[in-house]
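For reference, the chains in residue letters:
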Amino acid sequence: MKIEVLYPEVANLYGDLQNARYLARSCGAEIVNTSLGEEPLFASGDPALVYLGCTTERGQSLIRDALEPYGDLLKKRAEFGLPVLATGNAQEIFGEYIEDPDGSIEKMLGWFPVHAEREMDRRYNSLYWGKLEGMDIFGFKSQFGHSAGDNGAGLFRTERGAGLNPNVKAEGLRLGNFMATYVLGPLVILNPPFAKYLLRLMGVAEPALAFEEAAMDVYERRRAEFTDPNTGFIY
Amino acid sequence: MKLKFWIALLAAKLSVPALKLTRHKGTNFPGELALKLCPDFLKYVAKPAHIIAVTGTNGKTTVANMTCDILEKAGRRVLHNRYGSNINSGIATSLISGVSLFNRARYDLAVLEVDERSSKRIYPYVKPDYLVITNLFRDSIMRNAHPQYIADFLTAAIPAETKLILNGDDLIASSVAPDNPRVYFGIERMDTDLTACINLINDVRVCPRCAGKLTWDYVRYHHIGRAHCEHCGFRSPAYDYAASAVDLEAMTMTVADGAGRGAYKLLSNSLFNVYNMVTEIALLRELGFSHADIARLMDGVRIAESRYLEERAGSVKVVMQMAKEKNALACSRAFDYVSQQPGEKELFLMMNCLGDVKHWSENVCWLYDCDFEFLAREGITHIVATGARSLDYRLRLLLAGVPDEMIDCVRDEFEAVDKLRFAPGSSVYLFYGTDSLTLAFKVRDKVLQKAKEVAQ
Chain A
28 MKIEVLYPEV
38 ANLYGDLQNA
48 RYLARSCGAE
58 IVNTSLGEEP
68 LFASGDPALV
78 YLGCTTERGQ
88 SLIRDALEPY
98 GDLLKKRAEF
108 GLPVLATGNA
118 QEIFGEYIED
128 PDGSIEKMLG
138 WFPVHAEREM
148 DRRYNSLYWG
158 KLEGMDIFGF
168 KSQFGHSAGD
178 NGAGLFRTER
188 GAGLNPNVKA
198 EGLRLGNFMA
208 TYVLGPLVIL
218 NPPFAKYLLR
228 LMGVAEPALA
238 FEEAAMDVYE
248 RRRAEFTDPN
258 TGFIY
Chain B
32 MKLKFWIALL
42 AAKLSVPALK
52 LTRHKGTNFP
62 GELALKLCPD
72 FLKYVAKPAH
82 IIAVTGTNGK
92 TTVANMTCDI
102 LEKAGRRVLH
112 NRYGSNINSG
122 IATSLISGVS
132 LFNRARYDLA
142 VLEVDERSSK
152 RIYPYVKPDY
162 LVITNLFRDS
172 IMRNAHPQYI
182 ADFLTAAIPA
192 ETKLILNGDD
202 LIASSVAPDN
212 PRVYFGIERM
222 DTDLTACINL
232 INDVRVCPRC
242 AGKLTWDYVR
252 YHHIGRAHCE
262 HCGFRSPAYD
272 YAASAVDLEA
282 MTMTVADGAG
292 RGAYKLLSNS
302 LFNVYNMVTE
312 IALLRELGFS
322 HADIARLMDG
332 VRIAESRYLE
342 ERAGSVKVVM
352 QMAKEKNALA
362 CSRAFDYVSQ
372 QPGEKELFLM
382 MNCLGDVKHW
392 SENVCWLYDC
402 DFEFLAREGI
412 THIVATGARS
422 LDYRLRLLLA
432 GVPDEMIDCV
442 RDEFEAVDKL
452 RFAPGSSVYL
462 FYGTDSLTLA
472 FKVRDKVLQK
482 AKEVAQ
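Each protein sequence line maps, in turn, to chains A and B. For reference, each letter of the first sequence is one residue, going 28 to 262 in the numbering used here. For reference, each letter of the second sequence is one residue, going 32 to 487 in the numbering used here.
Simulated from the structure, these hints should not be mistaken for lab results. Small disclaimer: the values here were computed from a predicted structure and weren't measured. Where a beta carbon is used, it is the ideal one built from N, C-alpha and C, also for glycine. Be a bit skeptical, because a hint or two may be false.
Said to hold, decoys possible - Keeping only pairs whose Cα atoms sit at most 30 angstroms apart, straight-line, the calculated DSSO-like set for lysine-lysine is:
| # | chain 1 | residue 1 | chain 2 | residue 2 |
| --- | --- | --- | --- | --- |
| 1 | B | K389 | A | K158 |
| 2 | A | K134 | B | K244 |
| 3 | B | K348 | B | K194 |
| 4 | B | K194 | B | K51 |
| 5 | B | K67 | B | K158 |
| 6 | B | K483 | B | K473 |
| 7 | A | K134 | A | K223 |
| 8 | B | K158 | B | K33 |
| 9 | A | K196 | B | K389 |
| 10 | B | K44 | B | K33 |
| 11 | A | K29 | B | K481 |
| 12 | A | K102 | B | K483 |
| 13 | B | K244 | B | K158 |
| 14 | B | K78 | B | K244 |
| 15 | A | K196 | A | K29 |
Said to hold, decoys possible - Part of the chain B face toward chain A, derived, beta carbon under 7 angstroms:
| # | residue |
| --- | --- |
| 16 | E261 |
| 17 | F265 |
| 18 | L422 |
| 19 | L429 |
What the hints assert, rightly or not - Covered stretches of chain A, going by a simulated chain B footprint (3 or more residues, C-beta under 8 angstroms):
| # | region |
| --- | --- |
| 20 | 146-160 |
| 21 | 165-171 |
| 22 | 180-192 |
| 23 | 199-211 |
| 24 | 233-241 |
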């Protein structure tokens, strides 16, 4: 079993890469890194999951360029069951475009009728609590601006925090097994139920997580903090 | 000059004795008040004729303080912000203290530590002759995002005439404001250098010019080292001030430049502080000091004690090691350094962000950027994880390869001290951040007391 990590040389911010490592460790999968300019494994091989992490603004452009020739294929494969997870601002690469504060527009892959509106002078920082198929999802957001447009039901249903933007409850993007979310960092590690959900999508029948008891302790402490109405959500 | 400015200056000046009377010395209140009354106060307040600014992710306080100490030792009167903050209100407070009621500058020279993110509010009005950039690393995810963002931010804010003194071993810092006059400092290849990065954080993995694969001639830690691109010919800048023969045991090094070379005694055996010294030497050389004078003036200069402080209790050494909360890189450097110190070590992790505990919940992304793997090295026998994020530390330590039986997890910092074992001849390291500084010193007192009890 292989987990493909796309462009880790530029998509590696905020500990995101540890998500793929945690899944690999939990199921004995091998990590395959695909660099800019290389043919992705999903184009000719059969990864169990494709992962893309958070990146810089320049990184978004480089990834868009690298992924463009394979975009339709990845979309089709995700629609037919290949789990793909993109975290943080990697989500924006799959929208229509990114708009900079000066009004300039950079086209993205256009899988979804949404676009990002960057605010480079204002960083949005918050906690996040959402739901996915009955699971509680806890995590963090830290981003320059939000996205606008129609993301349908999204990936998560927001309980507290911002969805695609602060006015929307649907958080992230979902198409078949393609999943993207603004939630960044160790999302998978901090959410054992979500980690198991992904492992099941990868074909692991009875998933067991690495250091599951310790991970659940962390999850429950975070649940207590995030569901406490006295806990502030926006920094 | 605007009436608002004169009112602001008068009010700020009057606030100083009032603060002294109420024992509120060292706050930024005068600057805050002045900026509130006159938002462009920094534009009008008189400045010293010569201004040196120091910025960067790590080491800016050390370098700025060292610069003040050395210049004062050399007989110069220096205006500085070492007792205030490094944001615009702190700079304003310093400048207020450096002018008369009639707005006459009373100093000829200022050394200002400047927060990177405050650049846009400071440099349009306070134009440094020299700006030192120690390095640009990943810092607080929430405030600084990523180092290239900070580099772009600085580039947009730095005045065109400012001469930059840049870390030539840092491809991000050295890329700032490319049209400005500049010199580079660095440390030539060391025996301990590698050709591939072993850290989780490496923010220069592709060529900054063409995004092609970057080849490292050598890498020291994270993105510090020298690299070139086979594809477009890009390479790290040549040094103007090059340290070599760095000997961490003999505590010596040599620094060479176009006009000569000098032998120096190291002030600390941490490589980070060696960089701080080389930075300082480059700055002082730019100011016209000879190598011999710099070596003489540096002798006896101390690194700030809040960052590293050791004390003995019986045969046990208790060390305060600042690691900065929510800063993966600072913690990685501290972990690397401590894990390589000789002997048996117990670690006490209390880098929790106490402000976040009160109001939110700490963003823990940084834990997964930080090299906790260094704590699985031989010699570390026991780790006590404390505070609101103690369970997060435990999970991260387990993933880093630290066996569960070596970890104790206690939320209350004072109760956690009871878990320490104080093996004879061992060292106890307390890792803390700026936010937990006061608490850390209280905890240290209990650690010392316990260590003495165990020793009896």
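Quick rundown of the hints versus the structure:
1. B/K389 - A/K158: holds (26 angstroms)
2. A/K134 - B/K244: holds (25 angstroms)
3. B/K348 - B/K194: violated (44 angstroms)
4. B/K194 - B/K51: Violated, at about 37 angstroms.
5. B/K67 - B/K158: holds (21 angstroms)
6. B/K483 - B/K473: Holds - the C-alpha atoms of B/K473 and B/K483 are around 16 angstroms apart, at most 30 angstroms.
7. A/K134 - A/K223: The hint is violated at about 34 angstroms.
8. B/K158 - B/K33: At roughly 21 angstroms apart (the allowed maximum being 30 angstroms), B/K33 and B/K158 satisfy the hint.
9. A/K196 - B/K389: Holds. A/K196 to B/K389 sits at ~27 angstroms (cutoff 30 angstroms).
10. B/K44 - B/K33: Judged against 30 angstroms, a Cα distance of about 17 angstroms means the pair holds.
11. A/K29 - B/K481: Violated, at about 51 angstroms.
12. A/K102 - B/K483: Not satisfied, since the Cα-Cα distance of roughly 65 angstroms exceeds 30 angstroms.
13. B/K244 - B/K158: violated (38 angstroms)
14. B/K78 - B/K244: violated (46 angstroms)
15. A/K196 - A/K29: violated (34 angstroms)
16. E261: violated (13 angstroms)
17. F265: Check failed: Cβ of B/F265 comes no nearer than 15 angstroms to chain A, outside 7 angstroms.
18. L422: holds (5 angstroms)
19. L429: At about 5 angstroms, which falls below the 7 angstroms cut-off, the nearest Cβ of chain A leaves the hint on B/L429 intact, so it holds.
20. 146-160: Coverage by chain B holds for the region 146-160 of chain A (4 residues, Cβ < 8 angstroms).
21. 165-171: holds (count 3)
22. 180-192: violated (count 0)
23. 199-211: It is violated: at least three residues are needed, and the region 199-211 of chain A offers just 1 whose Cβ sits closer than 8 angstroms to chain B.
24. 233-241: It holds: at least three residues are needed, and the region 233-241 of chain A offers 3 whose Cβ sits within less than 8 angstroms of chain B.
The structure is inconsistent with the numbered hints 3, 4, 7, 11, 12, 13, 14, 15, 16, 17, 22 and 23, although it conforms to all the rest.
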